[in-house]
Amino acid sequence: MRRVSSWGRLSADQHEVIALSDPAKVSSLVSGSNKPGIVHGMGRSYGDVCLNPGGVLWLTTGLDHFIAFDDNTGRLVCEAGVQLRDIQRLGIPRGWILPVTPGTQMVTVGGAIANDVHGKNHHVLGSFGNHVQRIKLFRTDGEAIECSPQTNPNWFAATVGGLGLTGVIVEAEIQLRRIAGPWLDTETVPYPSLDEFFQLADDSEAEWEHTVSWIDCISGDRGRGLFMRGNPTDVTQLPEPKGRKRTMPFVPPVSLVNRLSLRPFNIAYYNFKKWQAERAIVHYEPFFYPLDNLLQWNRMYGPKGFFQYQSVVPREVGQDAVQAMLEEIAHSNDGSFLAVLKTFGDRQSVGMLSFPQPGVTLALDFPNHGMRTHKLFERLDAIVREAGGRIYPGKDARMPRDLFEAGYPRLNEFLKYRDPGISSALSRRLMGS
Amino acid sequence: MVDLTLVARDAGRIERVAADLKVRSPQSHIRVVEAEFLEPVAIQDTVDEIISQGAVDVVLIAHGSLPEQAGCQNDLRACRDALEVNGVSPVLYAEAFAKHMAQADHGIIALIGSVAGDRGRKSNYIYGSAKGLVTRYAQGLQHRFSGTAVKVVLIKPGPTDTPMTSHLKEQGANLASVEDVAQKIVDAVDRCQAEAYVPGKWFLIMMIIRHLPRFIFNKLNI
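Going line by line, the protein sequences match chains A and B. The first sequence begins at 1 in the working numbering and counts up by one. The second sequence begins at 1 in the working numbering and counts up by one.
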């Protein structure tokens, strides 16, 4: 037994960890388990989707081999424990990039599929699952299932965004996308209020592949922030950045993100960036993965850990709902420096439980202050519920079951594809088993 | 672009590695050889066959298996197997390549030893003594080839996060990442370092361990 935490560091329970490092042995290890397990990759999910206290964790980081890559078509076949970082480093020098990438590249392919992750270009290319061509799945009864949008499409739709509950993903085929080089042409535009954010989003979506914004979560009703947009560019003559890695060396006794630090930090950041705002050519690593060079940054929230609250609400009610959530957060004086606001496009997610849907998504970190934090979440839940929105299970550690059921109308359809030998803390909390 | 021959006991498992390397470096020529690891005649044949395909610039002898110390104490066959796989077999392979490299006066022989080979400890002295054998062997080979163009690199990794050590992780050991260790092995071979502790901190730790007086060392539970 070993203590395992997820990225939010909210718990550190004992797990029986079984490393899956040889594809030939996965099936027998998984079907030979005497109690339910859940797959665990890099453990970058914030909440409990990758945890199973007292039970089995199948660790997939050893399933990290490439299987085939076609330089002419950009089709990659790899094992499920391969990290997105390895795909980017393999593909980009050869003119191929992952079409969709989340804010860290230290996640596995299996995790990216199971949470159907999204990135800054959702309005153009949808989410990760839109680019997966085939998945190989091992069920705990020993059955192997190959699924794709064409063959076993229901299994495919259940597994993409399926939170690891339909079987153990061991292999995937992904369509990469042509790219001229590792650089992006970017622009940062400060916006003084939410009105301008939505205006900027509308104006940018046609011309810019990547859009995202940092929002000052304690500026209250104003909702000011920085809108960042970027496009791939064929500039190739620049030197690669050094990418020096630093590590948060210890867990501070209290969260470094707190009521005292947040306001001055946000004011300074907003004004510094506003003064600096301009067009710039930026390497893909700092643009897509700004926090990857600060290893274990999750420690800065102190020994009690932190939550991430990410919701999406439909566009028609988006502005009011976001405004209402920001007011609640500003009022509570909690929240964090890491606050992201982004519009999702209309591209349909392939998964039955995929999180992205058309609308606007707000993501925020909150240091764990126990009851006080949960009370705030309840008020935010009420706004999301009222707006007809949903919460991202891949980041969640606490949403109430009724909100999950309301947000994911295809849940009943999904349940038929669950593997009875697989269970996570999240599945027990939100699906009862 | 490189010309690489992978030698392994299990063809299925090595094909997986070869496919991965082929994706990473499509121009490289990667060949897989299934081989016997204990039988001297078979080792000689394997090495001769590899040399017949062309001169070898670098050979990395990296096989091994971490036995359970208690198992070795209770079963002499397990004890012998551990000594052979981790000690005798790497030496036989190195010796077979050394003969060819001596004739060509060209090449690098890199051997994976271990920090466990620096001083016998009750928790793994069977494995440690096999690795100690590799250490002494590498020293002798370095002596033999001094002043020639054949270089011998001895790498001593600390505990590394591989399938071989997954049970150590269970006990809360702080293991080095495979990537880190691999990069340092490549660096050591590039520089033809005679002896490389990876990560480097083990140089200091093992220096202390080696020099602890016996009456203190024997009281330690390591």
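Worth flagging that the hints you see were computed from the coordinates, not collected in a lab. Errors might be hidden in some of the hints.
Claimed, not checked - Reference excerpt, derived from the structure (chain A facing chain B, CB under 8 Å, subset only):
{"hint": "1", "residue": "21"}
{"hint": "2", "residue": "22"}
{"hint": "3", "residue": "23"}
{"hint": "4", "residue": "62"}
{"hint": "5", "residue": "65"}
{"hint": "6", "residue": "67"}
{"hint": "7", "residue": "74"}
{"hint": "8", "residue": "90"}
{"hint": "9", "residue": "93"}
{"hint": "10", "residue": "297"}
{"hint": "11", "residue": "402"}
None of the values given here were measured: they were computed from a predicted structure. In this text, a Cβ means the ideal position worked out from N, Cα and C, and glycines have one as well.
Each hint, compared with the structure:
{"no.": "1", "hint": "21", "in the structure": "holds, 5 Å"}
{"no.": "2", "hint": "22", "in the structure": "holds, 7 Å"}
{"no.": "3", "hint": "23", "in the structure": "holds, 7 Å"}
{"no.": "4", "hint": "62", "in the structure": "holds, 6 Å"}
{"no.": "5", "hint": "65", "in the structure": "holds, 4 Å"}
{"no.": "6", "hint": "67", "in the structure": "holds, 6 Å"}
{"no.": "7", "hint": "74", "in the structure": "violated, 13 Å"}
{"no.": "8", "hint": "90", "in the structure": "holds, 6 Å"}
{"no.": "9", "hint": "93", "in the structure": "violated, 11 Å"}
{"no.": "10", "hint": "297", "in the structure": "violated, 18 Å"}
{"no.": "11", "hint": "402", "in the structure": "violated, 39 Å"}
The earlier numbered hints that this structure contradicts are 7, 9, 10, 11.
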